[in-house]
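Turn these sequences into a full structure, and let the hints guide you.
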Amino acid sequence: MSAPLHVTLTVNGETLSRLIEPRETLADFLRRDLGLTGTHTGCEMGVCGACLVLLDGVPVHACLIFAVQAAGANIATVEGLTESAAVTDLQRAFHERNALQCGFCTPGMLIAAQGLLDRTPMPSRAEIRDALSGNYCRCTGYEAIVDAIETVARKRAAGEAAPRFAEEPA
Amino acid sequence: MVTNLDGNAAREFGALKARAFDYIRPATVAEALAAFAEAEGDASYIAGGQSLVPALALRLQAPARLIDIGHIAALRGIAVEDGWLRLGALTRHVEAHDHPLIAAHAPLLALAAPHVAHPAIRNRGTLGGSVALADPASEFPAMMLAMEAEIEIAGPAGTRRVPAETFFQDLYQTALEPGELLAALHIPVAQPEHRCAFDEIARRRGDYALVGCGIRLALPRDRVEEARIAFLAVGPTPMRARAAETALAGARLDADAIARAQAALAQDLDPPEDSEVPPAMRLHLSRVLLGRLLGRLRGQIAEAA
Numbered sequence: 001m002s003a004p005l006h007v008t009l010t011v012n013g014e015t016l017s018r019l020i021e022p023r024e025t026l027a028d029f030l031r032r033d034l035g036l037t038g039t040h041t042g043c044e045m046g047v048c049g050a051c052l053v054l055l056d057g058v059p060v061h062a063c064l065i066f067a068v069q070a071a072g073a074n075i076a077t078v079e080g081l082t083e084s085a086a087v088t089d090l091q092r093a094f095h096e097r098n099a100l101q102c103g104f105c106t107p108g109m110l111i112a113a114q115g116l117l118d119r120t121p122m123p124s125r126a127e128i129r130d131a132l133s134g135n136y137c138r139c140t141g142y143e144a145i146v147d148a149i150e151t152v153a154r155k156r157a158a159g160e161a162a163p164r165f166a167e168e169p170a
Numbered sequence: 001m002v003t004n005l006d007g008n009a010a011r012e013f014g015a016l017k018a019r020a021f022d023y024i025r026p027a028t029v030a031e032a033l034a035a036f037a038e039a040e041g042d043a044s045y046i047a048g049g050q051s052l053v054p055a056l057a058l059r060l061q062a063p064a065r066l067i068d069i070g071h072i073a074a075l076r077g078i079a080v081e082d083g084w085l086r087l088g089a090l091t092r093h094v095e096a097h098d099h100p101l102i103a104a105h106a107p108l109l110a111l112a113a114p115h116v117a118h119p120a121i122r123n124r125g126t127l128g129g130s131v132a133l134a135d136p137a138s139e140f141p142a143m144m145l146a147m148e149a150e151i152e153i154a155g156p157a158g159t160r161r162v163p164a165e166t167f168f169q170d171l172y173q174t175a176l177e178p179g180e181l182l183a184a185l186h187i188p189v190a191q192p193e194h195r196c197a198f199d200e201i202a203r204r205r206g207d208y209a210l211v212g213c214g215i216r217l218a219l220p221r222d223r224v225e226e227a228r229i230a231f232l233a234v235g236p237t238p239m240r241a242r243a244a245e246t247a248l249a250g251a252r253l254d255a256d257a258i259a260r261a262q263a264a265l266a267q268d269l270d271p272p273e274d275s276e277v278p279p280a281m282r283l284h285l286s287r288v289l290l291g292r293l294l295g296r297l298r299g300q301i302a303e304a305a
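Same order as they appear, the protein sequences are chains A and B. Start counting the first sequence at 1; every next residue gets the next number (this note's numbering). Start counting the second sequence at 1; every next residue gets the next number (this note's numbering).
Selected chain A positions facing chain B (Cβ under 7 Å, derived; list incomplete):
| no. | residue |
| --- | --- |
| 1 | His61 |
| 2 | Ser133 |
| 3 | Gly134 |
Covered by chain B, per the in silico footprint, the following chain A stretches (three or more residues, Cβ under 8 Å):
| no. | stretch |
| --- | --- |
| 4 | 13 to 26 |
| 5 | 45 to 59 |
| 6 | 62 to 76 |
These are computed hints drawn from the structure, not numbers from a lab. Glycine included, C-beta positions come from ideal geometry on N, C-alpha and C.
Structure follows, in structure tokens:
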């Protein structure tokens, strides 16, 4: 009775149909079936925030959704947001401000930040911290991450488009 | 019924994966109820899944069938009719946070929403799921008590409405019978004389609260006509503080009345033994929180006068 189901969903702009076992989480589906390993699995129980993706435009935990539940939905992972250059400015700001060390939490941080800035273009530092409250980082102490997001919020508000990576940043 | 496996065992084996189940996505409530009946009780409904999916991953629950009610149109919608705000069971936490009708007619939900978990959970979690789970440490179930909400339940025999007062029965025990479905929450719309406040004490924002409290005062002039006070995380269910309510009824909201309400809490609350927080500390924090909230309301009233 738990046979794989045909599921159609859109991932990073591409509509796909796959056979999916019902118990497979969206996080495992993205990583194993599609090879999109930028979505990290840390706690796999909705605590650490490393697996955040955008589902129909809002951040959700890919570990707390079964892939079959996402049938018909539009998913954006950190790979998709990177390719479309939607988060290039955030990535650059994280890099410049040293807002990552090991980088494990960074995809989730970028998705959380993107979700926040979509809803609240000029968040206060307290609002940024609140938006990141479900994202664990064991390296940075968060201060640099908040700085990076704040910088990008200002730049976006000033109308500066996300610059593409013309070259590897120094 | 669902199989209860030891969550620790699942963790030891590194098995943070759900047991295999079959998945059904009904389009109507009738189809959902039929799918449950067909599974002979070995099924769970899933909506937002923000509490259920971790429970499945830890194999605390392992139903043979998951019935996804997340696409049933009749379980959606936020509307005001005949003095009641109807919130479809699938209303998401983020809507409690943002929706203008909820802010206007059920302000306690809007005040509580920022304290519920974290933004990504709020984007997905549903009010119906939170109330149906009836976690005594959750914010929304307690607010149902404070707002005199009624819970609409759909079952094989039809639909019924249960007052929040009798809906929450014991630890994770509600008036929902196996196979029944929480369809909607009905909340009497806030009146102009209502003054509401919510807060909680937690070690970190978004963590489970050590204690939380929502208050709705009917304060048409300078005296409290009626008080509704509900606490979370202090007992096996969301708890009403009736003695404290009585202490406030008919009184001016002054320091004396607030102190009487705080003292009365000892009759209302008997927090259970807990490895982290001793009962006396929880009761103390409840008094502190009640004083803080009533003081806040008193300040607001003074400012408005």
